[in-house]
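Chemist: Take a look at the letters that make up each chain.
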Amino acid sequence: MRRRPPERGRWFLRATIAVGPLGFLALEAGWMVTEMGRQPWVVYNVIRTNDTVTPMPGLAAPFVAFTLVYIGLAIACAFTFWRQVKESLA
Amino acid sequence: VTLPEVTALLMLGGLVIYALTGGADFGGGVWDLLATGPRARAQRTLIEQAIAPVWEANHVWLIFVVVVMFTGFPLAYAAIGTRFHIPVTIMLFGIILRGSAFVFRHYGGASAAERWGRVFAVASLVTPFFLGVIVGAITSGTSRADGYFTWVDLFPAAVGLLAVALFAFLAAVYLTCETRDAALRDDFRARALVAGVAAAPTALVAALAAIAAPGTAHFRDAFFGSWWTWPLHAATAAAAVIALWALVRRRFRLARAAAAAQVALIIVGWALAQRPYLIAPDVGIDAAAAPRVTLILLILATSAGMVVLAPSIYWLMRVFKSRRAA
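Listed in order, the protein sequences are those of chains U and H. Note that our numbering has the first sequence beginning at 775, numbered continuously upward. Note that our numbering has the second sequence beginning at 4, numbered continuously upward.
Since the hints were made in silico from the structure, they are not lab data. Some clues are possibly wrong.
[As the list claims (entries may be wrong)] Some residues of chain H that are not near chain U, with every Cβ distance over 12 Å (derived):
| # | residue |
| --- | --- |
| 1 | 8 |
| 2 | 16 |
| 3 | 41 |
| 4 | 92 |
| 5 | 100 |
| 6 | 112 |
| 7 | 183 |
| 8 | 185 |
| 9 | 211 |
| 10 | 224 |
| 11 | 225 |
| 12 | 228 |
| 13 | 234 |
| 14 | 251 |
[Claimed, not checked] Going by beta-carbon spacing under 7 Å, a handful of chain H positions derived as facing chain U:
| # | residue |
| --- | --- |
| 15 | 103 |
| 16 | 110 |
| 17 | 111 |
| 18 | 227 |
Given the structure is predicted, the values throughout are model-derived calculations rather than measurements. Quick reminder that beta carbons are idealized off the backbone N, C-alpha and C, glycines included.
If we strip away everything but chain U, and leave its shape as in the complex, we get (with noise of 0.2 Å):
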């Protein structure tokens, strides 16, 4: 009986799918530090997030809005991705 090559053992193969989200959750957690992690300054030490902010009130709506849209992207997105599983394995 041949050997299958390691990169195409079952193990491996779980464990390439286990780790596929990683990728976004690092780069997610680093954007949660930089951004976090530095207030309350928007320029560490030298301007301070709530003196920037814009004057222009309401700024709930635009921030519902925002919020909105990109859930709906996202669910646009998952859409997209699972038809194109689907495809891959038909």
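Assemble chain H onto chain U, guided by the hints.
Modeler: Below, chain H without anything else, positioned relative to chain U:
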């Protein structure tokens, strides 16, 4: 010419290239929205094929303008972000939805294609309109009481319509050079003629709005009364007439060059009349500029960047846009 003016020229150059490339992408989306007749499907396919390889690169120029302004004219950047918060946000939504829709339409399957196609087309109409509104408001923003709604006015709206008309015109002219199919080419020839002729009354409305609005006095005086006024307007008019004539005579490559020259000259004329202001009437080019050392570094960095960017863009356009149909 001062250092801040050189920096402003960089922004003007970026804006002109953005209008000629990214603007035409918006125009392509407008023709997607207005696709009609027996070849509606073929029209949409041609538009998609024309835009797909270049649209991301084209929109780099908007980012270029924004970054140069952010670095070189932080006060103007802040003023635009505050006063025109609403149109800037709407434009941003348009850009996000347009880009996403373009991709989802391609990979989402047939039913999704139709839905996202509509999102793409509507966003292609809304985004350049608000780009024009912002440009118009930069010129006449204070014709009303100060606040967050100075852009709600006749002149910005007229410039928004003019931007849509010019971008649609550019796109239709470009598209005549993108296909060998004679019928399809004639579809876009007819569209280019309609849009080119429709741009004239739109420009007239913008000019009348500029004359009527009190906030645009400086702009009006410079636009109609400078030493460059008549040479520039004559050159713009000549480009417009040559573009239409070339379309009528089916000299499509000439039409493409003339249409691009026409749009570039309109933007240059706007910028010349806008000078010495970035945002009229209170944010001047010199006053809003960053410290000298920042401007020098910015100009050096953009020059160095152009050494890489210019040949790359040239090859991109050469590969995808030259002699495809001729």
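Chemist: The structure should be examined with respect to each hint, and the outcome stated for every one.
Modeler: Cross-check of the supplied hints:
1. The non-interface label for residue 8 of chain H is consistent with chain U: the shortest C-beta to C-beta separation is roughly 28 Å, beyond 12 Å.
2. A cut-off of 12 Å between C-beta atoms confirms that residue 16 of chain H is not in contact with chain U; the least separation is 29 Å.
3. Under the 12 Å C-beta cut-off, the non-interface status given to residue 41 of chain H relative to chain U holds; the minimum distance is some 31 Å.
4. Remark: the non-interface label on residue 92 of chain H conflicts with the geometry, its nearest Cβ contact in chain U lying 5 Å away (cut-off 12 Å).
5. With a minimum CB-CB distance of about 7 Å to chain U, residue 100 of chain H fails to clear the 12 Å threshold, and the non-interface call is violated.
6. In this structure residue 112 of chain H is not separated from chain U by more than 12 Å, as the shortest Cβ-Cβ distance comes to only about 6 Å.
7. Every CB of chain U lies more than 12 Å from the CB of residue 183 of chain H, the least distance being 32 Å, so the non-interface label holds.
8. Non-interface call for residue 185 of chain H relative to chain U: holds, since the shortest CB-CB distance, roughly 36 Å, exceeds 12 Å.
9. Remark: the non-interface label on residue 211 of chain H is consistent with the geometry, its nearest Cβ contact in chain U lying 31 Å away (cut-off 12 Å).
10. Chain U leaves residue 224 of chain H outside its interface by the beta-carbon criterion, the shortest separation being 32 Å against a cut-off of 12 Å.
11. With a cut of 12 Å on Cβ distances, residue 225 of chain H stays outside the contact zone with chain U, its closest approach being about 31 Å.
12. With a least beta-carbon separation of about 36 Å from chain U, residue 228 of chain H lies farther than 12 Å from that chain, consistent with its non-interface assignment.
13. The Cβ of residue 234 of chain H sits about 42 Å from the closest Cβ of chain U, beyond the 12 Å cut-off, so the non-interface label holds.
14. Residue placement check: residue 251 of chain H keeps its beta carbon more than 12 Å from all beta carbons of chain U (closest about 44 Å).
15. Interface hint status for residue 103 of chain H: upheld, as the beta-carbon distance to the closest one in chain U is roughly 5 Å, under 7 Å.
16. Checking residue 110 of chain H against chain U by beta carbon gives a least distance of about 5 Å; that is within 7 Å, so the hint holds.
17. Look at residue 111 of chain H: its Cβ gets to within about 5 Å of chain U, closer than 7 Å, so that hint holds up.
18. Proximity of residue 227 of chain H to chain U is violated relative to the hint, the smallest CB-CB distance being about 35 Å (cut-off 7 Å).
Violated hints, listed in ascending order, are 4, 5, 6 and 18; each of the other numbered hints is respected by the structure.
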